[in-house]
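Participant: One letter stands for each residue in the lines below.
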Amino acid sequence: MRTPLLVMVFLLTFCFSLVTWLKPALARHLPDTARAESLLGTALGDSRRLFATHCFFKADRYLHSGFYPTLFDDRTLLAEKHLAGPHDDHDDAADNPAHRRQAQPTPDAELGYGFLGPPRDWLDRLGRYFFPSRHTHLEGKAEAGELVPWLRVAAALDPHRIETYLVTAYWLRRHLEQPEAALQILREGWRANPESYEILFELGRSFEEDRQDPVRARNLYELSLRKWEKRQDGVREADSQTYALLVAHLARLAEQEGRSAEAIGYFERLEKVSPDPARIRERLDELRRSR
Amino acid sequence: MSKVWALAGLVVWELYRRKDFYVLFVLTALITVLMGSAGLLHGVRAVRYVEELCLLLIWISALVIAVTTTARQLPAEREHRTLFPLLAKPVTRTEVILGKALGCWVATGLCLVVFYLFFGLVSAVREQAWPLASSLQALWLHWWMLAVVVAMSLLGSLLFATPAANATVQFLVAGGILLVGRHLNTVALGLPEPGQTLIYGLYFAIPHLELFDVRDLIVHDWAPVPWWACAAATLYAAAYAAAFLVLAAVTFRRQPLQ
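Quick note, the sequences are listed as chains A and B, same order.
The numbering used here numbers the first residue of the first sequence as 16 and each following residue consecutively.
The numbering used here numbers the first residue of the second sequence as 16 and each following residue consecutively.
A few of these clues could be false.
Just a few of them, taken from the derived set where beta-carbon distance is under 7 Å, the chain B residues facing chain A [unchecked claim]: (1) 34; (2) 64; (3) 106; (4) 107; (5) 109; (6) 229; (7) 235; (8) 242; (9) 244.
Part of the chain A face toward chain B, derived, beta carbon under 8 Å [stated by the list, open to error]: (10) 84; (11) 85; (12) 87; (13) 135; (14) 138; (15) 141; (16) 142; (17) 144; (18) 146; (19) 165; (20) 297; (21) 299.
In case anyone wonders, no lab produced these hints; they're calculated from the structure.
We put the CB at the ideal spot given by N, CA and C, even for glycine.
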């Protein structure tokens, strides 16, 4: 009886000693952002990223009023990228009559069955009356607010997931008309991810479009561009979409402020990555002629 | 039938005296109110996450009440030796089974009414609206789902040695059906034979408890389920509950009392 007890005490003492040695050693090697964990982070450990992803998808599920593929469904059939972000304009989706929730949920929707496919048996057909089985989107300002709690929880659980801040800011700015709240979220995101050029770009857009402050916006875009260049060094597939947007915004600001030489420089950079270089070339010619 | 109702009344009275419902109701109310009052962002109004949480807690609480109340009925009668004097009266074993099942079902129904009244209050306060038709349908379907659970648990209390084992199995079965029941046909179609036939057979054999889960429709403000579909689901639940009760009655009649 005494031997197992002693072994147990020994093991506990060994574990405790190991922790007191390992914890400070690990803390020295971790970056500051990783060390500054919240109570939630300490309690959940790395599993919080899993919960954060769940909350992010939950927001997307809310956007579709509960019509969302599960683990067993074909997710590729819900093809649109719905939660969107800085590169997407999603306004048209809410205006689409196909996306309105007027009638009772029905498996015979004229608009197709979506990821569910046609009913496989009578039970499947009956079951579709009891859960959302039609593709719709949230409508209007009042409903768009329903996404925010899940995105906030996702950001709290995984502060290093940049997409969460971008999407939250997008919805706050574009659908809820809350530019100050969007700015607050983006600042939180920047504090947690100081090297993120995506958040800096979104911050720049907020200052340019909402606060009408082109000077600050330009500073933020330039900082974002520097971070982008730093990040893309040696990367095989560069994030050219954000780069194109950044350069386009900088070119437009330079043009508005009458700095033509700078604007031409940015347009020349944009021409190399733009999907429509002919149009950029026309713009460049116009600028050169006007000088 | 009066004997069955008399037995059912005793079960309802027992739940009234026990603390299970009160504890679960207070917990549900407390968590919902706390989550509802959590500050998110100034100027952003969100209601659905509170409604979803409230309904989830109601579903968990109702399942716990139904399973634990039913699972202990017959074992408690045996343990306290009250089953012998009960059966010494002019009451058949089938009537005991029916009385216990009806009592548990009515008791869980009464609990559900209180829970859904609270949910209505939450909706009315947060959303300034209470979708009455959808809420009534949800309550009705939820109650019929619990009829199947009560019947399964009563049968389980005759098959398993202890109420704890029975309750664990019932939670696993109900939870499993609620989570994956709807997808068994999809899984089956992706399997080679004979796995496909086996899983598809299982899909048709199990009581699809998830059919009665209309939480998403309420939370996301969908229109009520067509009434004929509601009636079909009621008949489906009644058929399964009756089948489990017949099995329970047959098992109880063949089982020695000690």
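Participant: Taking the hints in turn, state whether each one holds.
Facilitator: Now for the hints, and whether the structure bears them out:
1. Annotation: interface hint on residue 34 of chain B violated; nearest CB of chain A at approximately 29 Å, more than 7 Å.
2. Interface restraint check: residue 64 of chain B against chain A, minimum CB-CB distance 5 Å, threshold 7 Å, status holds.
3. Proximity of residue 106 of chain B to chain A is violated relative to the hint, the smallest CB-CB distance being about 38 Å (cut-off 7 Å).
4. For residue 107 of chain B, the interface hint is violated, since its Cβ never comes within 7 Å of a Cβ in chain A; the closest pair sits about 35 Å apart.
5. Using the Cβ-Cβ criterion of 7 Å, the hint placing residue 109 of chain B at the interface with chain A is not satisfied: the shortest such distance is roughly 30 Å.
6. Interface restraint check for residue 229 of chain B: the shortest CB-CB distance to chain A comes to about 5 Å, inside 7 Å, so the restraint holds.
7. With its C-beta approaching chain A no nearer than about 4 Å, residue 235 of chain B sits inside the 7 Å limit, and its interface hint holds.
8. Annotation: interface hint on residue 242 of chain B violated; nearest CB of chain A at approximately 10 Å, more than 7 Å.
9. Interface hint at residue 244 of chain B: satisfied, since its Cβ lies 4 Å from the closest Cβ of chain A, which is below the 7 Å cut-off.
10. The beta carbon of residue 84 of chain A comes no nearer than 11 Å to any beta carbon in chain B, farther than 8 Å, and the hint placing it at the interface is violated.
11. The restraint placing residue 85 of chain A at the interface with chain B holds, with a minimum CB-CB distance near 7 Å, inside the 8 Å limit.
12. Restraint check, residue 87 of chain A versus chain B: the minimum CB separation of about 4 Å is within 8 Å; hint holds.
13. Satisfaction of the interface hint for residue 135 of chain A is found here, the shortest Cβ-Cβ separation to chain B being roughly 5 Å, below the 8 Å cut-off.
14. Look at residue 138 of chain A: its Cβ gets to within about 7 Å of chain B, closer than 8 Å, so that hint holds up.
15. A least Cβ separation of about 6 Å between residue 141 of chain A and chain B falls short of the 8 Å threshold, and the interface hint therefore holds.
16. Annotation: interface hint on residue 142 of chain A holds; nearest CB of chain B at approximately 6 Å, less than 8 Å.
17. With its C-beta approaching chain B no nearer than about 4 Å, residue 144 of chain A sits inside the 8 Å limit, and its interface hint holds.
18. Hint on residue 146 of chain A holds. Least Cβ distance to chain B is approximately 5 Å, under the 8 Å limit.
19. The closest approach between the C-beta of residue 165 of chain A and any C-beta of chain B is roughly 7 Å, which is under the 8 Å cut-off, so the hint is satisfied.
20. Taking 8 Å as the C-beta cut-off, the interface hint given for residue 297 of chain A is violated, the closest approach to chain B being about 43 Å.
21. For residue 299 of chain A, the suggested interface contact is broken, since its CB lies about 42 Å from the closest CB of chain B, more than 8 Å.
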